[in-house]
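Engineer: These are the residues of each chain, in order.
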Amino acid sequence: MHVAPKPANESQRLAALHKFEILDSLPSQAFDDITLLASTVCKAPIALISLVDAERQWFKSRVGLDVAQTSREMAFCSHAILDPARVMVVEDAASDARFHDNPLVREAPDVRFYAGAPIVTDDGYALGTVCVIDREARGLDAVQVEALRALSRLVVNLLEQDQQQRERARKAADEAMRRTERLTAIATQALDLKSFVDRDYIYRYVNQMYLDYWERKREDIEGKPVAELVGEQAFIEMVKPHLDTALGGGTVSYEGSFIFPTRGVTHAEVTYLPARDADGVIIGAVVRVHDIQRLKEREELLRATVNMLERKTMEQQRFIHIVSHDLREPINTIVNFSSLLSGELGEDLSAAARRYLRFVHGGGERMKLLLDDLVHLIQLENQAIDTRPVDLNRLMIEVPADLALAIARAGARVECGLLPVVAGDDSMLRIVLQNLVANGIKFARKGVSPVVRVDASAAGDWHEITVRDNGVGIPATHLDNIFDMFKRLHSRKEYEGTGLGLSICRRIAEMHGGRITAASEPGLGSCFTLYLPAPRAAQTLESIDA
Amino acid sequence: MLKIERILLIDDNEADNVYHQIMIERSGFAGEVVVLESGMEALRYIEQADLDLPTYVFLDINMPMMDGFELAERVTPLLRDKRTVILVMVTSSSSPDDRQRADELEIIHGFITKPLTTEAVKDLLADPF
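Residue numbers (my numbering), protein chains in the order written: chain A, 1 to 546; chain B, 1 to 129.
Take the hints with a grain of salt, since some may be wrong.
Derived lysine to any residue pairs resembling SDA-like cross-links, with alpha carbons at most 20 Å apart [said to hold, decoys possible]:
1. A:Lys-240 x A:Val-289
2. A:Lys-312 x A:Ile-322
3. B:Lys-3 x B:Lys-82
4. A:Lys-368 x B:Lys-3
5. A:Lys-368 x B:Asn-62
6. A:Lys-217 x A:Arg-204
No lab work stands behind these hints: they were computed from the structure.
So here's chain A without its partners, still in its complex pose:
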């Protein structure tokens, strides 16, 4: 069996075929009429409209045959399309070298005679054939050959028409959709008052909203001059200039307020637009009034709230000033003179009196520290947090330097791994590190020199900065509430402190978008972890130990 080669323009031919969206479509009367005609005119039992696809031939219409498609290899039509100009006639397939061992010849349907007229598009692509088949060897006369050709042209016509119809249907659908969108857009503006004024400044049309707002009847407005309805002066001064702009092709838009009969004062956005006819000539102006009263009221509320907040902030600032200055003076007096007393009159006083004086002095000193911490905490709330790159390594050079006295007194060692550069507030982060390191030094075990180590690692979106010590540790039940304000775990005899340090640390961590946690083994030591966000933009230096 000779398999017909694929034509040179096969890929374009296939594209043309697929463009018609005909393959696997439902049977249609028009195409069935053609195969009927073909069968009748050529007096053949089998007539087909065959379309040659990549690997198969598919029949849009068939007379006398049950199969809907066959493989391309055995299709007679695959040969026919190689010569689009000619009707291929095979009078006796059994003795034709090309077809004698074709399954369609050797078995059912036992093809002996075949004639196929290629279906050729305007561009010259042969999509398939209109063909007739018989089980006896025979031929076609000239009239029949012409008829077959004509029928193939008819098929092309049908295909084109179907194609155009589909195009039109699609375009109509698009149009409809766009129109709906436009209408929806207009509908949402249906809440606007609209009026149409012609070139003679006469109201020609107003919408229902307009009538509702002004509480007028349509006949009181349409047909009447604008000047008559808004007043001569208002018309000349305010309305006419805008109408003229719109009539000249321009647009005017502004915010104003109206006094409506029942609604009262209403803020609105007013727009004057030119109205054009189908030829683009300006025939009048459209005036649109958009009610923004609700919006304005919310604006007012917002402004009032902002003002109140500003006032409150100023009051807070004053409070801080009072606290830090005016309270400090009397505290200083208590501390100063109680120490003078113990100094000067120390020997003259009884043991009891000296003891009482020590309490007075101690109380004053504590008040001073408490005041400092409190002011710190309050100021934190009011501070706008800086977000700049902060090199924690540099802070860990400065912090031990500031704590030099405490470190020396305690015989402590402060170590530090490689720390990252984070985004945040320099002075605030310094306070955290200072507090944590100072705590590590302060809460040492008896007889054990304090060692405080600061490390950092990165885990996903977070920097984890740990401050580890070998001190007395924290009982598990308190690991959370040590961050509460004024929370102290030891009596003042054992360890001094105001109890505010860790709550300040927690507040600073929160202000940076992070948090701080504590872990501990009582008797072995504690580890405080500061979590700070690690935005992708900030530089990170990986810890060497990690």
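Assemble the complex: chain A is given as a structure, and chain B must be docked to it using the hints.
Structural biologist: Same frame as chain A, now just chain B:
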């Protein structure tokens, strides 16, 4: 090397003045100590004083009616060219605003936090500038 012969304490707080006087006494200072309890009083004193006598002035910031900065501004014309009078601001707590104002006034030499200690006074007398 300027030898200070007079100290002015300008502060409305009686307790602080008493305390500071004791501290000054203990530092071994032998000169005159003048206590002025208000801005007005200080202004009147300075206007009639002999300003060629080397003087250290401790000026409290927080005073009613006329605060320390205002007084400093008002005595600037009198003290501007006198290298014999040194003015320092004294405060219970300093804020960044206070420091900035002190920087802006040329006449102000420095800042001290209360209370004045004997050590601090000794150091200042030894090296006024």
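Engineer: Now, for every hint given, state plainly whether the structure supports it.
Structural biologist: So, going through the hints one by one against the coordinates:
Proximity of Lys-240 (chain A) to Val-289 (chain A) is assessed by CA-CA distance (about 16 Å); at most 20 Å being required, the pair is judged to hold. This hinted pair checks out: Lys-312 (chain A) and Ile-322 (chain A) have alpha carbons roughly 15 Å apart, not beyond 20 Å. Of the supplied pair hints, the one linking Lys-3 (chain B) and Lys-82 (chain B) holds, its CA atoms being roughly 15 Å apart against a limit of 20 Å. With a C-alpha separation of about 35 Å, the suggested pair Lys-368 (chain A) and Lys-3 (chain B) falls outside the 20 Å cut-off, and the hint is violated.
Pair hint Lys-368 (chain A) plus Asn-62 (chain B) holds up; C-alpha atoms about 18 Å apart against a cutoff of 20 Å. Restraint check for Lys-217 (chain A) and Arg-204 (chain A): the C-alpha separation of about 14 Å stays at or below 20 Å, so the hint holds.
The structure shown violates just one earlier hint, number 4.
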